[in-house]
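Chemist: Spelled out, the chains give:
Number of protein chains: 2
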Amino acid sequence: MQKASIVSIGNEILTGRTIDTNAAYLSGKLLSIGIPVVSSYTIGDDIDLIVRALKLASDDADIVLATGGLGPTDDDLTRQAFAKFLGAELQMENELLQKVQNFFIKRNLKMPEKNKIQAYIPVGAEALSNNLGTAPGIKAKVKTKLLIAMPGVPSEMTQMFEESVMPVLKSRISDQAIVQIRLNCFGAGESYIVENLGNLMQRGRNPQINCTVHCGVVTLTILAEADTHSHAQQMAQKDEKLIREKLGKLIFSKGDKSLAEVVGRKLTERKKTLTVAESCTAGLLAKLVTDVPGSSNYFTAGWITYSNQAKISELKVGAELIGEYGAVSQQVAEAMAQGARKKARADFAIAVTGIAGPSGGTKQKPVGLVYICVDSAQAAHTQRIILPGNRNAIRTRAAQTALNILRLFLKKD
Amino acid sequence: MQKASIVSIGNEILTGRTIDTNAAYLSGKLLSIGIPVVSSYTIGDDIDLIVRALKLASDDADIVLATGGLGPTDDDLTRQAFAKFLGAELQMENELLQKVQNFFIKRNLKMPEKNKIQAYIPVGAEALSNNLGTAPGIKAKVKTKLLIAMPGVPSEMTQMFEESVMPVLKSRISDQAIVQIRLNCFGAGESYIVENLGNLMQRGRNPQINCTVHCGVVTLTILAEADTHSHAQQMAQKDEKLIREKLGKLIFSKGDKSLAEVVGRKLTERKKTLTVAESCTAGLLAKLVTDVPGSSNYFTAGWITYSNQAKISELKVGAELIGEYGAVSQQVAEAMAQGARKKARADFAIAVTGIAGPSGGTKQKPVGLVYICVDSAQAAHTQRIILPGNRNAIRTRAAQTALNILRLFLKKD
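Listed in order, the protein sequences are those of chains A and B.
With my numbering applied, the first sequence has no gaps in its numbers, which climb one by one up to 1006 at the end.
With my numbering applied, the second sequence has no gaps in its numbers, which climb one by one up to 1006 at the end.
What the hints contain is simulated information worked out from the structure, not anything from laboratory work.
All clues stand as given, with none of them false.
No farther apart than 35 Å at their CA atoms in a straight line, the calculated lysine-lysine pairs in the DSBU-like style are these:
#  : chain 1 : residue 1 : chain 2 : residue 2
1  : A       : Lys958    : B       : Lys865
2  : A       : Lys864    : A       : Lys850
3  : B       : Lys707    : A       : Lys834
4  : A       : Lys936    : A       : Lys859
5  : B       : Lys847    : A       : Lys709
6  : B       : Lys936    : A       : Lys958
7  : B       : Lys707    : B       : Lys734
8  : A       : Lys596    : B       : Lys732
9  : B       : Lys648    : B       : Lys734
10 : A       : Lys864    : B       : Lys936
11 : A       : Lys732    : A       : Lys707
12 : B       : Lys834    : B       : Lys850
13 : A       : Lys648    : B       : Lys732
14 : A       : Lys839    : B       : Lys707
15 : A       : Lys839    : B       : Lys699
16 : B       : Lys936    : A       : Lys936
17 : A       : Lys909    : B       : Lys859
Since we're looking at a predicted model, the values are computed, not measured.
With the rest of the complex left out, here is chain A (with noise of 0.2 Å):
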């Protein structure tokens, strides 16, 4: 079985400056496809220790990723530390700096001379291209073990990973049996979703499975392993089956849907619209919305409608509503639902109005407390919750309740 080992290189991630997802994030994936991740260093921008680092994982495992230490500056020593290991010299590639220099040319600029040692690569090594930034990855193979370095920053690295790594690991596990299902679910926390699985969790079971929580979505991975694949399979679909019985309409998809995109295909399939009107979440729920490419076909317009005036004059929502129930209310979220609705000629409306915090809340209304409207011409559903946490949390989840109280209503009909 194919074992691996992550290391982290960065002063940054060392002073606490970044907090390092690139490793919770590589070790996710590789568990998606059935390798675990048996140990994890972090160190600073310096040769020896990077060196000591990739000795020190290789020996844990047969495939090591490295992230970070890939610029242009002096800082940045993954190069110099992968050649160090490797026994090799670092060798200019034309057609790396060819790429390197394209990425300045496209965008109208001169190549500072610095970007030069990112066209190096340890001879015998293999570059890595990126898409996004000018740093091209390393890939190299020390007798059975394979080595990658990767860029430190999150959108290069999870591109590079995606498009370049993650083939050449599969390619590795092909005799490995293992099938992954991920199941996403919405509405219940943790540990009430943990209790309800009770000894289907339990470690050293096969299918294994997993739980992972973030940004309120709580995701399962079950993870079968057995000889033949198709044996493997048939495993992890009976617990999906299991789960599924267990957690209904929790579950809002399968593999790596977000609610925005489960809420937009439906809306896509019966080619119907939506509009939002915001208050405390104040652009979030449209941007959630508008992340999924394509969104433009069921989403036209929304509104931020953040102070009272602005609710009224935007929205047309009675002052005197405001004035007698608040801004934060049931009455009042339905009236900016039903006025974003019409004004935008919509199917649906969600408006969200609460109180995000930190300041601004009252006994009565305390920080946390957000009322969601779902409206259509059919039917309003408006819900009530008080949520946990701080602003950033509060409005994240307020967001993605919203999203999911819409995915529930699109169920019913």
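Knowing the structure of chain A, use the given hints to seat chain B on it.
Modeler: Chain B only, in chain A's frame:
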């Protein structure tokens, strides 16, 4: 000089189930009192791996901080690993047992038998009390080295660190002085900035200057080390001055302030208001503006006009402008900004229109083309940019660039 190394223990970190925020927290705290973290190890719940990591960490550094693996389950093996590393037996301490039992008694619960293990500690080591959970920490000395184990639950760890660990560390470093200054830049790439700073960023120099990038923001960290605090401060401030001379208005803040916070503070100071009209960013710009607590003082309303129709009906953009120049054009950006500013009766408006992709690009108007207009009663300033990357990167960079244009606009007045 005292150095530290961090050991994070737990399968949940390696499987990507938990992002290890503990290590980042500890690194930041240690650095703030002048203790650099030179390495960090993450391993699973395995006695031998923990012992090996403790050995590596105590070779690297004077202070070893371990987190995780102190719970009551069979998975939790840090206690046993500490005993093995120290060459000492685990011994039950009655006082500790009492504390663990009290935790349950207070909550009207019976202590599970499993929790009894938490009253055990290696002979010669000292327990650190945990006011939020059942797991006490461990403090041990091996010659001049200090080894500490804390729980993995972040709230328990941070409280134990602040209460019991920080005072011990401070007493160890009374003769060290480190001062840190952070400067945030926007509007130029990392390599441009680094090249501009030249020798200042040389390795081994004191102050040491590090450079990190996040969402287009380049952050420079000046780290000065000296015999006294005031001397270190002088050195750091001297470098700050040098950097400010070289980078000028590229620097938008010191410390942690985001572009949106800087813009927000300027608007507040001048009692000015802001509105937004977003097409391709579709809510993201408003979201960034309202991430700032208190933004309701200067932000009242915003429009997401994704379709041409919405631009026409909501922002009074002339249909003929869109027909002649296209929705992604300087003319339409200006009309959007002006329309929003008038409708919101705001002092400033930012409009963003562009092609975020992945589809919709043409040879003349490629994916990544974005027009940003900042409009006021006195003047309008429009910028045309071509951004690299995927949909997410383009949207993020466009919104940040929009805030930066407003920042520079506000600077001029």
